[in-house]
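Number of protein chains: 2
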Amino acid sequence: MRYELYYWPGIPGRGEFIRLALEDAGADYVDVARDAAAGGMDALGRYLDGDATNQPPFAPPFLKAGQVVVSHVANILQFLAPRLGQIPDDEATRLWAHGLQLTITDFTAEIHDAHHPLGPGLYYEDQQAEAARRAATFVEERLPKFLHYFERVLQCNPGGDSFLVGEAHSYVDTSLFHIMAGLRYAFPNATRAIEPEIPGVAALAERVAQRNNIAAYLDSPRRQAFNEHGIFRHYPELDSA
Amino acid sequence: MRYELYYWPGIPGRGEFIRLALEDAGADYVDVARDAAAGGMDALGRYLDGDATNQPPFAPPFLKAGQVVVSHVANILQFLAPRLGQIPDDEATRLWAHGLQLTITDFTAEIHDAHHPLGPGLYYEDQQAEAARRAATFVEERLPKFLHYFERVLQCNPGGDSFLVGEAHSYVDTSLFHIMAGLRYAFPNATRAIEPEIPGVAALAERVAQRNNIAAYLDSPRRQAFNEHGIFRHYPELDSA
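Top to bottom, those sequences are chains W and F. For the first sequence, the numbering used here gives the first residue as 1, with consecutive numbering after it. For the second sequence, the numbering used here gives the first residue as 1001, with consecutive numbering after it.
Simulated from the structure, these hints should not be mistaken for laboratory data. Do not take every clue at face value.
What the hints assert, rightly or not - As a list, the in silico SDA-like pairs of lysine to any residue whose alpha-carbon atoms are at most 20 Å apart: (1) W:145 - F:1094; (2) W:64 - F:1156; (3) W:64 - W:36; (4) F:1145 - F:1157; (5) F:1064 - F:1091; (6) W:145 - W:192; (7) F:1145 - W:45; (8) W:64 - W:45; (9) F:1145 - W:155; (10) F:1145 - W:2; (11) F:1145 - F:1129; (12) F:1064 - F:1038; (13) F:1064 - W:90; (14) F:1064 - F:1090; (15) W:145 - W:91; (16) F:1145 - F:1092; (17) W:64 - W:2; (18) F:1064 - W:54; (19) F:1145 - W:64; (20) F:1064 - F:1050; (21) W:64 - F:1064; (22) W:145 - W:202; (23) F:1064 - F:1041; (24) W:145 - F:1156; (25) F:1064 - W:92; (26) F:1064 - F:1085; (27) W:145 - F:1047; (28) W:64 - W:4; (29) F:1064 - W:49; (30) W:64 - F:1041; (31) F:1145 - F:1156; (32) W:145 - F:1082; (33) W:145 - F:1123; (34) F:1145 - W:50; (35) F:1145 - W:54; (36) F:1145 - W:51; (37) W:145 - W:181; (38) W:145 - F:1145; (39) W:145 - W:197; (40) W:145 - W:51.
In this text, all values refer to a predicted model and were calculated from it rather than measured experimentally.
Turn these sequences into a full structure, and let the hints steer you where they fit.
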């Protein structure tokens, strides 16, 4: 199976959670919008305008696997994970993993909204004062709330504090690694300050980064750098001092 | 099976999407935090602080079904729907429905953020100026974008424009009904203005409201009124003129 990932080119963005899962498994995939031979942006557009499907996604990322089109990061990951060997078989474990991934979805939205509190329709420069207020409460309240939560999930996992789910690496670990990488880029001071309080999360991120396929991917040209067009943006004025 | 729903009392909130699915199916359930005999708020608290589980939810709503605890609205609905007969069997249809429900999740978050652009940590009164700016772009851009999307999904459904998914009522239709009910409460002018552009969505909402179990529920004391503590808040200054 050759998977087709559709996501905006130029940013890691929400597509990166999917890329990391595919790369970790060594799966065969094409990043369509970044690959002119695969159709590039035109191919992506034909799904959004409904020409290519009668089940049009609201927004990227979406994944095509044979005749199936799956949209939304958490939905794509719960579809892929059993096929890629990144989650155990039983339903209760999968529901728990999907719930954790949906909390990562919410966390991702709040990280984005720290620089775009008035929504996606305005540039950062047009909402900079509002972003300063929102980022202050994000750094003081929301960032610790989410990271302490994931630390608690690790600490009360009967399978040990090396994994969020059960006794082995899962796709949720990979996603949490990406959150930590993004936070270290976007809010280096705030993240450095809180890391001593979340030793399990910090160790998990380190372990995932050293997995063979992930390490190779991070060193490859396929891995795009964080930048100020994506979710994780480094605006020093929004970080803590 | 007696399902246990855990959600904050006093508002319909995100718990309402779950209540509506359970009510539509005539399922046996208890709304724990609103029922002192079932344990009330103390029972809810024991899940959030981790005393009752080693898989603590990040936030309500969550659902207990036997020994399984499921959190996040869309996750709960994809768990319940096959058991309640609210979605067909095949995987491709379920993935499509779940993707639509996750778009409803995102829409719900943007409806909330129209009155809380600086996040949940501040009262509306402390972010009223920012809410006015955010609500203006919400009403002009985001509300039409989401509603036109769902209209398009209805119009290109091979199963007919009466349903979002396939050829029969599904849990996603019920959730979209609730969105429309909430929008009519929170943004009556903006919603009235756009309804002629979304005849399929308006007709779907009407049809769901007339389903026997839904109509009985809406008339019962179990249905809580929208109010200014929940997601859908009527602040006339945020609506269009």
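Status of the hints after comparison with the structure:
no.	hint	verdict
1	W:145 - F:1094	violated (32 Å)
2	W:64 - F:1156	holds (19 Å)
3	W:64 - W:36	holds (17 Å)
4	F:1145 - F:1157	holds (18 Å)
5	F:1064 - F:1091	violated (24 Å)
6	W:145 - W:192	holds (16 Å)
7	F:1145 - W:45	holds (16 Å)
8	W:64 - W:45	holds (14 Å)
9	F:1145 - W:155	violated (42 Å)
10	F:1145 - W:2	violated (32 Å)
11	F:1145 - F:1129	violated (24 Å)
12	F:1064 - F:1038	holds (13 Å)
13	F:1064 - W:90	holds (17 Å)
14	F:1064 - F:1090	violated (25 Å)
15	W:145 - W:91	violated (28 Å)
16	F:1145 - F:1092	violated (25 Å)
17	W:64 - W:2	holds (9 Å)
18	F:1064 - W:54	violated (35 Å)
19	F:1145 - W:64	violated (24 Å)
20	F:1064 - F:1050	holds (14 Å)
21	W:64 - F:1064	violated (33 Å)
22	W:145 - W:202	holds (15 Å)
23	F:1064 - F:1041	holds (15 Å)
24	W:145 - F:1156	violated (42 Å)
25	F:1064 - W:92	holds (11 Å)
26	F:1064 - F:1085	holds (19 Å)
27	W:145 - F:1047	holds (16 Å)
28	W:64 - W:4	holds (5 Å)
29	F:1064 - W:49	violated (40 Å)
30	W:64 - F:1041	violated (43 Å)
31	F:1145 - F:1156	holds (16 Å)
32	W:145 - F:1082	violated (34 Å)
33	W:145 - F:1123	holds (19 Å)
34	F:1145 - W:50	holds (15 Å)
35	F:1145 - W:54	holds (18 Å)
36	F:1145 - W:51	holds (18 Å)
37	W:145 - W:181	holds (18 Å)
38	W:145 - F:1145	violated (32 Å)
39	W:145 - W:197	holds (11 Å)
40	W:145 - W:51	violated (43 Å)
Of the numbered hints given earlier, the model fails hints 1, 5, 9, 10, 11, 14, 15, 16, 18, 19, 21, 24, 29, 30, 32, 38, 40; all others are met.
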